[in-house]
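Trainee: From first to last, the protein sequence lines stand for chains X and H. What the first sequence shows, in this note's numbering, is residues 1 to 325, in sequence order. What the second sequence shows, in this note's numbering, is residues 1 to 94, in sequence order.
Just to be clear, a hint being listed does not mean it is correct.
Claimed, not checked - Cross-link-like lysine-lysine pairs, in silico, DSSO-like; alpha carbons within 27 Å at most: (1) X:316 x H:36; (2) X:260 x X:191; (3) H:2 x X:316; (4) X:321 x H:67.
Source of the hints: derived by calculation from the structure; they are not laboratory data.
Residues per chain, in single letters:
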Amino acid sequence: MYAQMVKSEATQEDPEKLAAFQARIDAGEKIEPKDWMPEGYRKTLIRQIGQHAHSEIVGQLPEGNWITRAPTLERKAILLAKVQDEAGHGLYLYCAAETLGVSRDELTEMLLDGRMKYSSIFNYPTLNWADMGAVGWLVDGAAIMNQVPLQRTSFGPYSRAMIRVCKEESFHQRQGYDAIRKMAEGTPAQKKMAQDALNRMWYPSLMMFGPSDKDSVHSEQSMRWKIKMNTNDELRQKFVDQTVPQAEFLGLTIPDPKLKWNEERGHYDFSEPDWNEFHDVIRGNGPCNTDRLAARNKAWEDGRWVRDAMLAHARKKAARKIAAE
Amino acid sequence: MKNEWPLWEVFIRGQHGMSHRHVGSLHAPDAEMAIKNARDVYTRRNEGVSIWVVEANHISASSPSDKGPLYEPSESKVYRHPTFYDIPDEVGAM
Chain X
1 MYAQMVKSEA TQEDPEKLAA FQARIDAGEK IEPKDWMPEG YRKTLIRQIG
51 QHAHSEIVGQ LPEGNWITRA PTLERKAILL AKVQDEAGHG LYLYCAAETL
101 GVSRDELTEM LLDGRMKYSS IFNYPTLNWA DMGAVGWLVD GAAIMNQVPL
151 QRTSFGPYSR AMIRVCKEES FHQRQGYDAI RKMAEGTPAQ KKMAQDALNR
201 MWYPSLMMFG PSDKDSVHSE QSMRWKIKMN TNDELRQKFV DQTVPQAEFL
251 GLTIPDPKLK WNEERGHYDF SEPDWNEFHD VIRGNGPCNT DRLAARNKAW
301 EDGRWVRDAM LAHARKKAAR KIAAE
Chain H
1 MKNEWPLWEV FIRGQHGMSH RHVGSLHAPD AEMAIKNARD VYTRRNEGVS
51 IWVVEANHIS ASSPSDKGPL YEPSESKVYR HPTFYDIPDE VGAM
């Protein structure tokens, strides 16, 4: 999940208006930007969509890291297309957030100074080519798990952005699985690399869905508003159930000695990730937090003169045109 | 002056001769760049053969509170639909 621990805002408004708003949501109507909405709904959505957008943008860094070192030209072209998609996904989402009355530049600045978060997963490093396969397969797989139900979210622009994203996301997961399969079926050394990537990415991927339901304090209101469609544990279970057979096909082992099919539940039993590590990464102490934010800040600062120059040029051209008329 | 690029709404005509359809928005300093950006953001998979962009602040929109007065009048005019009329079977398809 690209939005974790999104704090929902309390709302103090006219109970009658609130009830009418809830009735619209319960009836499956979409809420559009100009419709009346509770302040809490608006603020929670800005936080969630913003965090989702930031994750797409920061998520380009761990993969961008390997574009120039892809093993073949074909893999390079594929990875380039995928990373470009992530930029597009970020833009769709920023635009959805902007309809709620916040500007993209404001959102960007809140990311850069740490007021807003992005998914914990992107604070882990990508150490070698096998990680590119594991990221596509597991990280994009986990993201899809969350994004597919969000296509039905109550806020129109968010729902439409999710529909576009989901159309493109399936390519991401499949190219990742294809890349790691190549290695899992390769030489013993390559297979070892694939297993090592799975070992490192497994628990961070499980963390993407956010804390366990019993510790998830923000879910209830967001679920009533259809901003959140499933609980964290539901999605995590679904992800494990889907991924285990895919790992078996590759001949790779999920790094969890407690992983076992539970006939009674009809699901896999599995170990929870280390939640202390999760909270530590969220607080800024993951292996790459400093690097990621430094890279985004540098890009923003280095690009400033380009943004300013293009705007100055556009204004000059517009002024000339008016003068000529 | 605020140095944010203005917001543009993007409309794309798909492959099959349909009307341009709103697909989303983006930021760009001017119309030319807006079209270039729209190409990159909204037609990465052959989604279109033509792009329109218009600055978002040039769009006028109806207000949600006008929904009643604007659209209710057409609800009672069932005779505007072909299914209102019974055509005898003997006449054939019409």
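Trainee: Hint by hint, say whether it matches the structure.
Mentor: Each hint tested on the structure:
Restraint check: the Cα-Cα separation between residue 316 of chain X and residue 36 of chain H comes to about 20 Å, which is no more than 27 Å; the hinted pair holds. The suggested pairing of residue 260 of chain X with residue 191 of chain X holds, with an alpha-carbon distance near 23 Å, which does not exceed 27 Å. The straight-line distance between the Cα atoms of residue 2 of chain H and residue 316 of chain X is roughly 16 Å, inside the 27 Å bound, and the hint therefore holds. Restraint check: the Cα-Cα separation between residue 321 of chain X and residue 67 of chain H comes to about 39 Å, which exceeds 27 Å; the hinted pair is violated.
Violated hint for the displayed structure: number 4, the only one.
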